[in-house]
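*Asks:* Could you build the full structure based on these sequences and the hints that come with them?
There are 2 protein chains.
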Amino acid sequence: MNVSIIAVGTELLFGQTVNTNATYISNQLNLMGFNVMYHHVVGDNSGRLKALIISTFVESDMIILTGGLGPTQDDLTKEIVAEAMGVDLYFDERCYREVKSYFDDRNRIMAENNRKQAYIPVGAEVFHNEAGTAPAFGIEKDGKCAICLPGPPREMKWLFENCVVDYLKRFSSKQMYYRVIRTIGIGESDLETKLLPIIDNQKDPTIATYAKEGECTLRVASQRETMTEAQLAVENMIREIDKLIGKYIYSYNDEELAEVVVRKLRENKLSLSSAESCTGGMFASCITDVPGASNVFSHGFVTYSETAKAGVLGVDSKIIEECSVVSSEVAVLMAKGAQKSSNSDIAISITGYAGPEADEGRENGNAFIGYACGNKLGNKSGFIEINTKRNDRKWNRNFFKLRMLLVVYNIINDAI
Amino acid sequence: MNVSIIAVGTELLFGQTVNTNATYISNQLNLMGFNVMYHHVVGDNSGRLKALIISTFVESDMIILTGGLGPTQDDLTKEIVAEAMGVDLYFDERCYREVKSYFDDRNRIMAENNRKQAYIPVGAEVFHNEAGTAPAFGIEKDGKCAICLPGPPREMKWLFENCVVDYLKRFSSKQMYYRVIRTIGIGESDLETKLLPIIDNQKDPTIATYAKEGECTLRVASQRETMTEAQLAVENMIREIDKLIGKYIYSYNDEELAEVVVRKLRENKLSLSSAESCTGGMFASCITDVPGASNVFSHGFVTYSETAKAGVLGVDSKIIEECSVVSSEVAVLMAKGAQKSSNSDIAISITGYAGPEADEGRENGNAFIGYACGNKLGNKSGFIEINTKRNDRKWNRNFFKLRMLLVVYNIINDAI
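Which chain is which? The protein sequence lines are A and B, in order. The numbering used here applies: residue 1 is where the first sequence begins, and numbers increase by one. The numbering used here applies: residue 1 is where the second sequence begins, and numbers increase by one.
Hints were generated in silico from the structure; no laboratory data involved. No experiment lies behind these values; they were computed from the predicted model shown. Hints may be right or wrong, so weigh each one.
Any copy will do: because identical chains look the same in the list, a pair fits if it lies in one copy or spans two.
Claimed, not checked - Listed next, the in silico DSSO-like pairs over lysine-lysine satisfying Cα-Cα at most 27 Å (straight line):
(1) K157 <-> K389
(2) K144 <-> K50
(3) K340 <-> K318
(4) K141 <-> K318
(5) K243 <-> K203
(6) K380 <-> K264
(7) K144 <-> K243
*Replies:* This is the structure:
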């Protein structure tokens, strides 16, 4: 079944509000096996809204509208939907009582214009709104269906979960299942090239790739008669994908790399510490962003100056002078210092040039990641060098952070 | 001039990505005096995209498209725009060299399908993309204009700021000037109430308020015949605003609070250090995100465990036991430890519960920010307590970070 989403509201066209409702509803619809055709946004303008509804019904069997159900003059979604579908509005006593008691319960006086909210298109199924005053509804006529929901995301979600999901079940025949796989260390086009043998001529499951900064995500989705069939098709496809690009995959369940690292540290009863120069706390911050990180991460050092590297981590000033502060030697000594001070199983460090101004003769995007492990991991230590060739400070810092996570991930997996 | 925005990408219809590009572009277009008519989202489907472009041009003079400019098979925006406007594509040598050098500079092999990105519609003005590989462009024909931009928000914004704004100026008769004022410590509705006398009946300059998490932003914009008139109108309005809410304003130039703090530290030749528990490096990270932070910030400590607080910062374990680890006493001792170890002029610390699970009898969102100053600032020390009453870990961590910045800001301004 083809569904389109129309958001009504001039604030969206002004760029004041992001249309997160369309994202939420699309996600829900896809999970239920509906095919989302278009998102449209239109202002509070009756002529344009009516024309848009009529033209959208040409290709779509259903339209879900959000916004414009409030009590004010420019809230006109309900009236226009009724007009476009050729039905009248009637005054619904129960809706009126609900709107009124919403105000009574809060010891507030109901404004006269709230009466407007109790008018409902003839033949509509009302979704009684416990999260606000706008009654929502679904209406079917001549093989087309319109669902009207309020704009505030909290109200809209409440109605979707509590009323719309049940209402939609009557329209759905197929079941949808999908998994999101996350990779690192391979670009989007290389990934696609490697997957070409299974992407080409593939109808179901579908495989979609998305590039994120420094990472790449794959979505494998199947729509079948039963959920069991859909799951089986996705799982089989994931096994094929695994054969081709398995070594780049760090999550089969749409997890962030930091989440995976924290989970694996916990599973392996390993502790972690960090010593950061150019990332300045970003690594520690992304690890501690994961609930439960306190079980595996206790110490982080941000040693931005040479004095801090020497004073806090005990890096020999002579080596800083001889090898330069951005060097593999200093990176390793920083990691060793953090490891010693925290007595952690793994210590990870970084020193580098994020930009905008590298030292003379050096390039932005050049960094050294050091690591040093405790007894449990054989006291091994080492480094990797990075050259992003970019001047973009934010981009570099984020990339450096991801590579630090990758080094920790590889140490846990005994791949370093 | 009427403009519509079309975002191309099945991931948007799957609900995997939020269409923040449309919001950003709408905001920019409104500032420049363009009238945004519609936002549309369509999947990677050539037939639908072509029909949508043609029907959108009925009411709109210009379409800005985002997405579908990549190297893969389903990237088809450029081809369809050329088709809809009735022009051919040609192979652009300069674009090809730029795409190729993008890979060469990173010591990466260019995949064969990246060649596709160098084809450009005949008659288009190319926007040379320094933020990625997708060449963007604007094309005018028969009184209609199409602008094609890549989908990744970072690339899109770079191109918009560096190329599209200039390109758009030829379509605009009026001159636009605006300033963005940033405030902290006051909610959006309180801010609006205080500004009511000047917001009411105000046509130009316009004043728009936007709430961000923990902060509030004001945009003052004027559109006049000349730039001088527009600037004068905005500056006069800012003086009025200053009289009403001056004490909440920390930037008149849309700076981040961290930028202002780093700038003021530099101006006052003051150094800063940090000791973080629940924010886990976020504070250090946002300070070091500002270019030039190395002049004022040398030491950051992430002491997530009690052992780290005692071992690294010298917080007396007995006091942790007596007062609890989340207490004003521990916050102040953490700041004193960081100040001593780094010999900085200002040390700031935090200990608290971000969520999801506070210790028994304590609430998520409760935190203590401590500070300790060196000789230059009279060795003063102290703390503030925060209670957000929220369980949201991400929200709390961000709010805590902003409050730490505010405390440092107030210390520099001698307001603490």
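*Asks:* If a hint holds in the structure, say so; if it doesn't, say that too.
*Replies:* Results for each hint:
1. K157 <-> K389: between (36 Å within a copy, 21 Å between copies)
2. K144 <-> K50: Cα proximity of K144 and K50: in one copy and across copies (15 Å, 25 Å).
3. K340 <-> K318: Both. Shortest intra-copy (20 Å) and inter-copy (24 Å) distances satisfy the 27 Å Cα cut-off.
4. K141 <-> K318: Intra 77 Å, inter 66 Å, cutoff 27 Å: neither.
5. K243 <-> K203: within (20 Å within a copy, 63 Å between copies)
6. K380 <-> K264: within (19 Å within a copy, 43 Å between copies)
7. K144 <-> K243: neither (45 Å within a copy, 49 Å between copies)
Checked against the numbered hints given earlier, the structure breaks hints 4 and 7 and satisfies all the rest.
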